[in-house]
Structures are given as structure tokens and as C-alpha cells.
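I would like the entire structure built from these sequences, with the hints used as guidance.
Here the protein sequences come in this chain order: A and B. 512 is the number of the first residue of the first sequence in the working numbering; add one for each residue after it. 512 is the number of the first residue of the second sequence in the working numbering; add one for each residue after it.
It is possible that some hints are incorrect.
Intra- or inter-copy, both count: the list cannot distinguish identical chains.
[What the hints assert, rightly or not] Subject to a maximum C-alpha distance of 30 Å in a straight line, what follows is the list of computed DSSO-like cross-link-like pairs (lysine-lysine):
1. Lys592 with Lys521
2. Lys560 with Lys592
3. Lys565 with Lys592
In short, the hints are calculated from the structure, not lab data. Just so it is clear, the structure is predicted and the values come from calculations on it, not from any experiment.
2 protein chains.
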Amino acid sequence: MTENIYIGSKPVLNYVTALVTAFQREPSVHVFARGRAISSAVDVVEVCKRSFLKNIHVDEIAIGTDQLGDGDDLRNVSTIKITLRKTDYDS
Amino acid sequence: MTENIYIGSKPVLNYVTALVTAFQREPSVHVFARGRAISSAVDVVEVCKRSFLKNIHVDEIAIGTDQLGDGDDLRNVSTIKITLRKTDYDS
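Okay, structure coming up:
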């Protein structure tokens, strides 16, 4: 199974903790972010790989666009989805 | 051949223009960004795909970490490299 983690405007280490915890339950995690939080999503993954979980690798990165609001308030926001996977299920 | 475009803190449309121009010369372009500009890089690619060049697709997205400065000023900054390719060289 795969867990989803949504990156927002909290400190990066909050999401790193969530990611480490998620990998204790599942071998694969999706990291989602929109707009300005996209940079933070990359930070979360890189900090996690560098300092906490050396046995995860990036399976896939997808970018896209979400439409938010409607009518005059309709706007496009960029999205990212980073799929991470443990390289060794036993460790 | 492949052109490189480095995304910084200028308005997104400046880089969209650069990307459209680069695709007039080459079938493939690398979009690079670091730190906060990573979100802008995704914006540039998405705006370009949506509004200007409908025949480009994302070949690969790679994320990583660069070390900046040295000594006490040493710090890590996240990076992204988005490889784009024209799906039809003649259009």
C-alpha cells in the first residue's frame, strides 16, 4: 500500500517526521504539493534521503496543473507528486 | 542538442519566453532551478505546455541537493532538473 503526504506551509522537519513515520508502515509513499509548497516538497524528500532514510529512492516525479476556484476566481496552480519507495523492505 | 534554462526570481513569463525561444532552436531543453525557484520552474513548464507549446512533454524530472558556501556558511539547497522534449520535430 501507499501513503499520501500533503506538503503545506509548516516547517520542513514536520513533514520529514511524517514521512519517516509513514515509511515505518508502508514501503511506498506519495508526497504531494501545490504552488509555493512544491519547493518544500523537494526539501522534505532531500532532507529525508540525506539524513534519515538512506534506503529510499525516488520512483517517479510527476508535475501538473490544478484548477482552483470558479468563475472570476478561477486560477491555475502547479502541482507535484513525488513517489518514494524503500529499496529494502526489511531494513 | 539540448539547451539549458536556469530559473531564478524574475517573473515566470520571462522564462516562458526563453523556453519557447529555446525550442525554436533545439528539440530538447533542460530547465534547472534551486531552492525557492523550484516552484517557479514547475510553473514555467506548466504555463508553457498549457498555453504556448502543446507538443512538448516531460521526459524526466530529477531532484537533488547542491552544497553552497563553505566552512560555517556551508548549506544544502534542493535542486530540480526538468528535461523537456518536443514530440514532433516538424511543428
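Tested hints:
Proximity of lysine 592 and lysine 521 under a CA criterion of 30 Å is satisfied in both settings, with 18 Å inside one chain copy and 25 Å between copies. In this assembly of identical chains, the alpha carbons of lysine 560 and lysine 592 lie at most 30 Å apart whether taken from the same copy (16 Å) or from different copies (18 Å). Taking the shortest alpha-carbon separations for lysine 565 and lysine 592, both the intra-copy value of 20 Å and the inter-copy value of 21 Å come in at or below 30 Å.
Violation of the numbered hints given earlier is absent; every hint is satisfied by the structure.
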